[in-house]
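Enquirer: Each chain is listed here by its residues.
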Amino acid sequence: MTPRRKKHLTNWGLNALTYAVLIVMLSPILWLIASSLQTRGQLASGDYDLLHPTVSAFKQMWESVDFGKYLTNSLIICTAAALLATAFAASAGYALARLPFRGQKAFGVGVVGTQLVPGSMFLLPVFLGFIWLKQNTPIHLFDTHIGMILIYTAFFTPVAIWFMRYFFLAIPPELEEAAMVDGCTRFGAFWRIVLPSAAPGLVATFVYAFLLAWDELLFVTALTANRAETIPVGIHNFIGNYSEEYAQLMAAGVVSTIPVMLAFFATQRWLVQGLTAGAVKG
Amino acid sequence: MSTHSLTPTEIAPPDPPPPATPKRRSRRPGRHLAYWLIAPALTFMVLVHLIPSAAGIALSFKNLNTFTFSQLFGAPWTGLKNYDAILFDSANPLHSGFVDAARNTVIYTAATVTGTLAGGLGIALLLARQFPGRRTVRTLMLAPYVVPSFVVAVLWGFMWQSDSGIINKILVDYTGILHDRPTWLLGHNSLLAIIIPSIWRGIPLAMLIFLAGLETMPRELHEAAAIDGAGPWRRFRYITLPLLRPLIAVQLLFGVIYSTYQFTIPYVMLGSNPGSDADLIMTLIVRQSFSNNLIGFGAAASTLLMLVMLIWVAVWFRAFRRDLEAS
Chain H
1 MTPRRKKHLT NWGLNALTYA VLIVMLSPIL WLIASSLQTR GQLASGDYDL LHPTVSAFKQ
61 MWESVDFGKY LTNSLIICTA AALLATAFAA SAGYALARLP FRGQKAFGVG VVGTQLVPGS
121 MFLLPVFLGF IWLKQNTPIH LFDTHIGMIL IYTAFFTPVA IWFMRYFFLA IPPELEEAAM
181 VDGCTRFGAF WRIVLPSAAP GLVATFVYAF LLAWDELLFV TALTANRAET IPVGIHNFIG
241 NYSEEYAQLM AAGVVSTIPV MLAFFATQRW LVQGLTAGAV KG
Chain S
1 MSTHSLTPTE IAPPDPPPPA TPKRRSRRPG RHLAYWLIAP ALTFMVLVHL IPSAAGIALS
61 FKNLNTFTFS QLFGAPWTGL KNYDAILFDS ANPLHSGFVD AARNTVIYTA ATVTGTLAGG
121 LGIALLLARQ FPGRRTVRTL MLAPYVVPSF VVAVLWGFMW QSDSGIINKI LVDYTGILHD
181 RPTWLLGHNS LLAIIIPSIW RGIPLAMLIF LAGLETMPRE LHEAAAIDGA GPWRRFRYIT
241 LPLLRPLIAV QLLFGVIYST YQFTIPYVML GSNPGSDADL IMTLIVRQSF SNNLIGFGAA
301 ASTLLMLVML IWVAVWFRAF RRDLEAS
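Those protein sequences? They're chains H and S, same order as listed.
Residue numbering for the first sequence follows my numbering, starting at 1 and increasing by one per position.
Residue numbering for the second sequence follows my numbering, starting at 1 and increasing by one per position.
Do not take every clue at face value.
Claimed, not checked - Simulated pairs of lysine to aspartate or glutamate, DMTMM-like, Cα-Cα distance not exceeding 25 Å:
id, chain 1, residue 1, chain 2, residue 2
1, H, K105, S, D323
2, S, K169, H, D47
3, H, K105, H, E177
4, S, K81, S, D100
5, H, K69, H, D143
6, H, K6, S, D228
7, H, K7, S, D228
8, H, K6, S, E223
9, S, K169, S, D180
10, H, K59, H, D49
11, H, K7, S, E220
12, S, K169, H, E244
13, H, K59, H, E244
14, H, K69, H, E177
15, H, K59, H, D47
16, H, K7, S, E223
17, S, K169, H, D49
18, H, K6, S, E220
19, H, K105, S, E325
Just so you know, the hints here were simulated from the structure itself, not pulled from any lab data.
Can you make the complete structure from the sequences, with help from the hints?
Expert: If you want it as structure tokens, here you go:
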């Protein structure tokens, strides 16, 4: 075999391997969709009929899980928390990226350091604090949207800061220097020039914080009882009560994946920048 | 790296300060602004991270067993008793439970991080080549990362089912690789049952980071080595891998922390009490704190966990200091 022919064959083999790996990686997701389109009996007996899909599990799931409630709660809490976290991160990230201040390094280390603390560590005191507030003050945070929004805002702000810092570093400083030469204050330059240029970064940070909040289970389990529960708790409760209802569970899984999938792929270009920048650029 | 080089022009004072004039404030424009800008984030971090963490450490020295509020502040201090019970008191069931969970957590974390990095690197090497449909394949490969962890747990919990699950169908009915149907969600297999989905979900992010690294890699080194007669394996071993070291380091650091603190996948797939074969430190802490009201125990175990993470960061820092300075 000539070397060139050998190279051609190797390349062909590697392409085939690439597609095979893709299929393996995607197959659980395809299986999620396929099994959500079957009936309960088909999944229990294993007599799948993939050619005749039915949406019956989606209808049953919507009624038996009270999915509408959980979906509304998730949308409210995750949107509000992601917005707040992005706003706080935009301002703090700008300070970290551009304005040298005393304690800057300590603040930066603190932001990363929050990731070192296990959630269970501050969950207990936060839980006790919420209960104490409820019993002794008119401030009700336990099992409320506000309570969960505040917790998630705090929870995902550090990661969001690191995202925003990267996006600000990528904006040429000449932009705000020019604005300040033209008479803008430092804050004016940040507000009118830098923030609009960082719009993709703001969107990416929002979506990332939203994805993280959407996925959170530990805190929402402990800090809600009934009214402010989100989708992960809803699904977990459902497993507890109807563990054999796999068609409905898969349908719930599909519905709770769609919003984040859409958000991710719509903003994928910037999200990928943010996700890789942290690791690649330090 | 290029982005960092942009900052010095900005940090440098715009004009040389005239000596001995009281205009010091203008030398550092935005010093106060910076504090205003970090204030909201800092407030939240102090209120939700810092103060509760300190309170958590304090709770670990208290004998807070039955959950009542009168006891929260009145609970007696017990010094290191909680730690003693966890670490050394072999007659205490909490001790053996902790030892099992610690062992399982080490296995889970080591396997998940290794699998994620190896899988991510392998796929990144495949996708860094030129091939038809490259862009689409790269986008589609990210999909598992976007499936929420609780959905991952529900989905794989279904796939692992002994009788109706697709995995046993493939392994036993379709291919005959295995003869009797294993139960995946009980006993020895249950740790594997949470490790594999965790790797599956982790691979796309690792792949993304490695791809970014492979793409910024100078081609000349590989070309020169190829001319000198180095085969693909030697080029990978002596050029690609060393250049990816900083990326491996960062992912090791955060991968270990993230996996050790993983709660959703084990909790949703195996329940709050998965048994000694698959109990993890996080599920143990949450179960003892919230189901059994052993709050002092939960706080002490959380503090120990954080100490272990601090040690891990220190070890990591020593091991990869050179890479940090290089990048």
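Enquirer: Hints broken by the structure, by number, lowest first?
Expert: 14
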